[in-house]
Amino acid sequence: MQQRFDRLVERASRGLARRTSRRGFLGAFGMVLTGSALMPLLPISRGSRAEAGEPAAPGTGKPMSPKASASDPNSCDYWKYCAIDGFLCSCCGGTSSTCPPGTTPSPITWIGTCHNPVDGRDYIVSYNDCCGKTSCGQCTCVRNEGEKPMYRLSLNNDVNWCMANDNPNYHCSVSVIMGVAGK
Amino acid sequence: MQQRFDRLVERASRGLARRTSRRGFLGAFGMVLTGSALMPLLPISRGSRAEAGEPAAPGTGKPMSPKASASDPNSCDYWKYCAIDGFLCSCCGGTSSTCPPGTTPSPITWIGTCHNPVDGRDYIVSYNDCCGKTSCGQCTCVRNEGEKPMYRLSLNNDVNWCMANDNPNYHCSVSVIMGVAGK
Amino acid sequence: MRLSGPSLLGVLLIAFAGNSALAATTAPEPAPPPLAAEHLKVEAMPAWSPHWLYAFDDSFNNETDARVWVYDGDHGRALGQFEAGYYGNVAVSPDHKTTAIATTYWSRGGHGTRTDVLEFEDNTKLSLQGEIVLTSKKAQSGAMGPFNLSYSPDGRFLYVTNLTPAASISIVDVAARKILGEIDTDACVLAIPSIDGTRHRVSMLCENGRLLTIVHDDAGKETSRSVSKPFFDVDKDPIFVQSVATPTGAYHVSFMGDVYEIDLSAADPRFPAVWPTVSAKERGHWRPGGQQMVAYHPSSHRLYVAMHAGGEGTHKLGGSQVWVTDTITHKRLARWSIDEKKYGGAFCMIATQDEHPLLFVATEKSSLLVLDATTGKLLHAEDKLGQTLWQLLNP
Amino acid sequence: MRLSGPSLLGVLLIAFAGNSALAATTAPEPAPPPLAAEHLKVEAMPAWSPHWLYAFDDSFNNETDARVWVYDGDHGRALGQFEAGYYGNVAVSPDHKTTAIATTYWSRGGHGTRTDVLEFEDNTKLSLQGEIVLTSKKAQSGAMGPFNLSYSPDGRFLYVTNLTPAASISIVDVAARKILGEIDTDACVLAIPSIDGTRHRVSMLCENGRLLTIVHDDAGKETSRSVSKPFFDVDKDPIFVQSVATPTGAYHVSFMGDVYEIDLSAADPRFPAVWPTVSAKERGHWRPGGQQMVAYHPSSHRLYVAMHAGGEGTHKLGGSQVWVTDTITHKRLARWSIDEKKYGGAFCMIATQDEHPLLFVATEKSSLLVLDATTGKLLHAEDKLGQTLWQLLNP
Numbered sequence: 000m001q002q003r004f005d006r007l008v009e010r011a012s013r014g015l016a017r018r019t020s021r022r023g024f025l026g027a028f029g030m031v032l033t034g035s036a037l038m039p040l041l042p043i044s045r046g047s048r049a050e051a052g053e054p055a056a057p058g059t060g061k062p063m064s065p066k067a068s069a070s071d072p073n074s075c076d077y078w079k080y081c082a083i084d085g086f087l088c089s090c091c092g093g094t095s096s097t098c099p100p101g102t103t104p105s106p107i108t109w110i111g112t113c114h115n116p117v118d119g120r121d122y123i124v125s126y127n128d129c130c131g132k133t134s135c136g137q138c139t140c141v142r143n144e145g146e147k148p149m150y151r152l153s154l155n156n157d158v159n160w161c162m163a164n165d166n167p168n169y170h171c172s173v174s175v176i177m178g179v180a181g182k
Numbered sequence: 000m001q002q003r004f005d006r007l008v009e010r011a012s013r014g015l016a017r018r019t020s021r022r023g024f025l026g027a028f029g030m031v032l033t034g035s036a037l038m039p040l041l042p043i044s045r046g047s048r049a050e051a052g053e054p055a056a057p058g059t060g061k062p063m064s065p066k067a068s069a070s071d072p073n074s075c076d077y078w079k080y081c082a083i084d085g086f087l088c089s090c091c092g093g094t095s096s097t098c099p100p101g102t103t104p105s106p107i108t109w110i111g112t113c114h115n116p117v118d119g120r121d122y123i124v125s126y127n128d129c130c131g132k133t134s135c136g137q138c139t140c141v142r143n144e145g146e147k148p149m150y151r152l153s154l155n156n157d158v159n160w161c162m163a164n165d166n167p168n169y170h171c172s173v174s175v176i177m178g179v180a181g182k
Numbered sequence: 000m001r002l003s004g005p006s007l008l009g010v011l012l013i014a015f016a017g018n019s020a021l022a023a024t025t026a027p028e029p030a031p032p033p034l035a036a037e038h039l040k041v042e043a044m045p046a047w048s049p050h051w052l053y054a055f056d057d058s059f060n061n062e063t064d065a066r067v068w069v070y071d072g073d074h075g076r077a078l079g080q081f082e083a084g085y086y087g088n089v090a091v092s093p094d095h096k097t098t099a100i101a102t103t104y105w106s107r108g109g110h111g112t113r114t115d116v117l118e119f120e121d122n123t124k125l126s127l128q129g130e131i132v133l134t135s136k137k138a139q140s141g142a143m144g145p146f147n148l149s150y151s152p153d154g155r156f157l158y159v160t161n162l163t164p165a166a167s168i169s170i171v172d173v174a175a176r177k178i179l180g181e182i183d184t185d186a187c188v189l190a191i192p193s194i195d196g197t198r199h200r201v202s203m204l205c206e207n208g209r210l211l212t213i214v215h216d217d218a219g220k221e222t223s224r225s226v227s228k229p230f231f232d233v234d235k236d237p238i239f240v241q242s243v244a245t246p247t248g249a250y251h252v253s254f255m256g257d258v259y260e261i262d263l264s265a266a267d268p269r270f271p272a273v274w275p276t277v278s279a280k281e282r283g284h285w286r287p288g289g290q291q292m293v294a295y296h297p298s299s300h301r302l303y304v305a306m307h308a309g310g311e312g313t314h315k316l317g318g319s320q321v322w323v324t325d326t327i328t329h330k331r332l333a334r335w336s337i338d339e340k341k342y343g344g345a346f347c348m349i350a351t352q353d354e355h356p357l358l359f360v361a362t363e364k365s366s367l368l369v370l371d372a373t374t375g376k377l378l379h380a381e382d383k384l385g386q387t388l389w390q391l392l393n394p
Numbered sequence: 000m001r002l003s004g005p006s007l008l009g010v011l012l013i014a015f016a017g018n019s020a021l022a023a024t025t026a027p028e029p030a031p032p033p034l035a036a037e038h039l040k041v042e043a044m045p046a047w048s049p050h051w052l053y054a055f056d057d058s059f060n061n062e063t064d065a066r067v068w069v070y071d072g073d074h075g076r077a078l079g080q081f082e083a084g085y086y087g088n089v090a091v092s093p094d095h096k097t098t099a100i101a102t103t104y105w106s107r108g109g110h111g112t113r114t115d116v117l118e119f120e121d122n123t124k125l126s127l128q129g130e131i132v133l134t135s136k137k138a139q140s141g142a143m144g145p146f147n148l149s150y151s152p153d154g155r156f157l158y159v160t161n162l163t164p165a166a167s168i169s170i171v172d173v174a175a176r177k178i179l180g181e182i183d184t185d186a187c188v189l190a191i192p193s194i195d196g197t198r199h200r201v202s203m204l205c206e207n208g209r210l211l212t213i214v215h216d217d218a219g220k221e222t223s224r225s226v227s228k229p230f231f232d233v234d235k236d237p238i239f240v241q242s243v244a245t246p247t248g249a250y251h252v253s254f255m256g257d258v259y260e261i262d263l264s265a266a267d268p269r270f271p272a273v274w275p276t277v278s279a280k281e282r283g284h285w286r287p288g289g290q291q292m293v294a295y296h297p298s299s300h301r302l303y304v305a306m307h308a309g310g311e312g313t314h315k316l317g318g319s320q321v322w323v324t325d326t327i328t329h330k331r332l333a334r335w336s337i338d339e340k341k342y343g344g345a346f347c348m349i350a351t352q353d354e355h356p357l358l359f360v361a362t363e364k365s366s367l368l369v370l371d372a373t374t375g376k377l378l379h380a381e382d383k384l385g386q387t388l389w390q391l392l393n394p
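Chains as they are written, first to last, in numbering that gives the first Met the number 0: chain A, 0 to 182; chain B, 0 to 182; chain C, 0 to 394; chain D, 0 to 394.
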């Protein structure tokens, strides 16, 4: 059922792509995906539990002892950053989910799933780039749970997600909670 | 006598400056200074012998044991670099006295005196910048024997000596032997 | 051009719209409740604080990409940054609402057509307000200081220093965003601003140890100039061009550690008696060094100098200690040690101007230290901020 | 504007003219003779060597200032560099005389007007020959590889990859320095060039594990396209986009360490049987990782893969070892250790293509190691070259 829905949305969006300009398309696509259409498209990362050094407590599927740094938004270990590759905006004047003053969020992005060791839940997060100023240069963080190569663009963190911004200069990255992942 | 000559050349050059454009002036000034007019203008650094860790052999005024690195053009300790502040061109595709391929030497520069521990002589050197490409970024070297603040421009290594080049982008610095310093 | 195939990847997502309904229906456990969806937005700047710092990172290994960090000393965190081009000269307006950056760009990174501009940044939004295109003469020096680009004390004019190597200043009408004119400065450098009554003046240091002072009118035209007697000896003990502004002029320190005050509060510049920060015994052994080696806090009349043990030619070496001297009694109040092994020596310093001042110290390893300027206590350390911090500002 | 004062400093010197007569008359000792005066000039490039390396430094902390180093592996020294803008994609021409760089610039550093250009650098002079202005679509990805910008095997065409996020390629006529056109690639990425008889082709990887191959005519127009069956499983074991060119196509390794060959020597793409670099026991415990994790030397049929011990999600971790496998027998020949503590893991690798090959290894700390590609012996180590080396090329 989900797969079929995916194909439907994909076909609709491709139809849109053929009929509209790049920017026009992105706007229309955004509307299509906002709201309930969002869920079925979300790829679920299998990686968060497999992370080395975070063994599962027997029978629970939850890590036994979450690292303290897993709850520090300025640390690359922060649970929400499970697949960020770039500079943490929380070190650049933003927070884990807000862009620094004077930058512009990327409207397009990629999506992943991160495990929160505090409440034991998996959350769907969107990894957005903040754009329009040169590299922040602070708190480089490279994590790749569930990350895929560029041909699967929606799961890739190598490309510059500022690419569609008026100013595609990459400054830093945030991780925004979209909701709890379905099981 | 030297002082008087200095003033004469200075007055002549200032006269030129008033009558010509910036680039025209530099060309003409270059011709004035080429050859025997060069010597009297050279400021003599008192610093080379005072360098910490290079004690003079009693009665000779020469260092007892020159550092091995004092004869390595890729080392900041190299004797000719006694007042370079920047990237050594010898690490950037040039040598201690040549600019890397594709860069352009600065026609203007500043002058110092460095002591060569191998032959015990003081040499007059010109510190030129190589220009037209972004910072080389290798072998940062900061030495300041006899260096003076910017209001004494001819003895200053803080300013970008690429300033008068068509492309004033600073890439790296060389040290060119002009001759033995007069005693 | 054939673009008929399906041309967009199907799974791109717009992330502004977190759907919290989605979270509520799938939570696997009854308590605690799941985290709420977040909404991506741009952080707003907090209200201004006297403990904000503007820190210029020259990015020396990538010098076309300098930037200015805005940093909150109380919370020990970066607030954001401005781009600053190549050898940017930076000044913050007296009302601390604008950061002016005079800098150089090329049409192709570090090549192509050169354009020098004066950019105006909005400090309340960290966004670019506008620019004035300058003639391609802007001074490019690694000896950043408060007087390479400076506002007149009333914020009405900006003085851009030029060096080609002929020295001049361009006078900018700030409100009109317009260059009024250029004045030759007779090979003298810097632009130390002052107002005598209603007359706007700019002073600069000359090769022979004199101070040149130029008076200009509201149209930016020179109306008079005067040259002081020599007030320092360039050959025997030069003063650093990197100095610190005072309410009436500037304090410059010399290579040997003497303090030279320039007092522009009267009709003619005054040079109060020179006084030493070093004892007779220390002289020549301990000396000031680094990049911005002197800081000042007016109401407590304290001068902070970055000092190191070293000989001639070590004047760019960072300080192993910060020496605190009373500018009225000339007595040394403290010597604070810097953890050189961890951070490198003290390279740039500035004191905030409020009644509970902080002393910001940028080090040779581009760490940023936040000290209590009264006690010297290290309040916060940023191990590395940017690549090469070369100037600190606090308007 | 008043510029009547003396306006030039008096002591500037032109240094091209070392005067050796001056030296001869003032030498203080009879022997040895004083060093001769030197004459400032620009170094000429030496004759080309197969042991030259082109190394792309993304300068990640200052990403508008990327550059390409030219490095001499035999003498262990840099020969110079090119500017490479923002996220530059780099290709060296088959005749190794030109380096093409597709990149992005702004009119004001990192802001202002965006201009994407394809720049042609003269490798024999390290100087810019010219540029073509591109549409502002150029792909910007940190996963640099040989196929983000590529020459056709005969050097006649250049393929510029675009991503907006719609994927396409622009075809450039190299001799005419002209963009012939743009072809949509149906969300497939990279540009792996080949020639079938006289037909120029470009192949690319698609989301569903297939290879799309587009044939174009001399005017850059698409004449046909074909899509292969899936040859890898994107979900179960994706292949890296960073691969290594072979005389007939490319070797890609997968996240789990299998080798996928794309053979474009016939009319239709062929996919020889997949073979592993890891044993059954090692599978899932040791895996390829880094940025450019695979290198190849054709005549000795050796494949070099940067390997580390780690689990899922560690595919960007540099290699603690380089594994050498024979591409014909599929037998492992060697495991060479990298001094991770000193240099960081092996991040990018390339083998020279001559009979006495070198293996260049760029590490996570941006060191550059020069190894004997036959024995693994470390011949030279550059502790740090640039800021972040992300791609190595050797045409």
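If you are wondering where the hints come from, they were derived from the structure by calculation, not from laboratory data. Incorrect hints may have been included.
Unchecked claim - Derived list of chain A stretches under chain D, where covered just means 3 residues or more per stretch with a C-beta under 8 Å from a C-beta of chain D: (1) 90-103; (2) 109-117; (3) 131-139.
Claimed, not checked - No more than 20 Å apart at the CA atoms, straight line, and that leaves these computed lysine to aspartate or glutamate pairs for EDC-like: (4) LYS96/C - ASP71/C; (5) LYS364/C - ASP84/B; (6) LYS364/C - ASP172/D; (7) LYS383/D - ASP71/B; (8) LYS364/D - ASP382/C; (9) LYS177/C - ASP217/C; (10) LYS364/C - ASP338/C; (11) LYS383/C - ASP73/C; (12) LYS124/D - ASP165/B; (13) LYS136/D - ASP165/A; (14) LYS40/C - ASP118/A; (15) LYS136/C - ASP165/B; (16) LYS383/C - ASP71/A; (17) LYS136/D - GLU181/D; (18) LYS124/C - ASP165/A; (19) LYS177/D - ASP153/D; (20) LYS40/D - ASP165/B; (21) LYS330/C - ASP257/C; (22) LYS136/D - ASP94/D; (23) LYS364/D - ASP84/A.
Stated by the list, open to error - Negatives, chain C to chain B, calculated, CB over 10 Å: (24) ASP94; (25) GLY109; (26) ARG113; (27) SER140; (28) CYS205; (29) SER223; (30) SER227; (31) ALA265.
From the three backbone atoms N, C-alpha and C, an ideal C-beta is built for every residue, glycine too.
Results of checking the hints against the structure:
no., hint, in the structure
1, 90-103, "violated (count 0)"
2, 109-117, "violated (count 0)"
3, 131-139, "holds (count 6)"
4, LYS96/C - ASP71/C, "holds, 15 Å"
5, LYS364/C - ASP84/B, "holds, 17 Å"
6, LYS364/C - ASP172/D, "violated, 48 Å"
7, LYS383/D - ASP71/B, "holds, 19 Å"
8, LYS364/D - ASP382/C, "holds, 18 Å"
9, LYS177/C - ASP217/C, "holds, 12 Å"
10, LYS364/C - ASP338/C, "holds, 11 Å"
11, LYS383/C - ASP73/C, "holds, 18 Å"
12, LYS124/D - ASP165/B, "holds, 19 Å"
13, LYS136/D - ASP165/A, "holds, 12 Å"
14, LYS40/C - ASP118/A, "violated, 25 Å"
15, LYS136/C - ASP165/B, "holds, 12 Å"
16, LYS383/C - ASP71/A, "holds, 19 Å"
17, LYS136/D - GLU181/D, "holds, 11 Å"
18, LYS124/C - ASP165/A, "holds, 19 Å"
19, LYS177/D - ASP153/D, "holds, 17 Å"
20, LYS40/D - ASP165/B, "holds, 17 Å"
21, LYS330/C - ASP257/C, "holds, 13 Å"
22, LYS136/D - ASP94/D, "violated, 28 Å"
23, LYS364/D - ASP84/A, "holds, 17 Å"
24, ASP94, "holds, 29 Å"
25, GLY109, "violated, 4 Å"
26, ARG113, "violated, 7 Å"
27, SER140, "violated, 5 Å"
28, CYS205, "violated, 6 Å"
29, SER223, "holds, 21 Å"
30, SER227, "holds, 13 Å"
31, ALA265, "holds, 23 Å"
Violation of the numbered hints given earlier is confined to hints 1, 2, 6, 14, 22, 25, 26, 27, 28; the remaining hints are satisfied by the structure.
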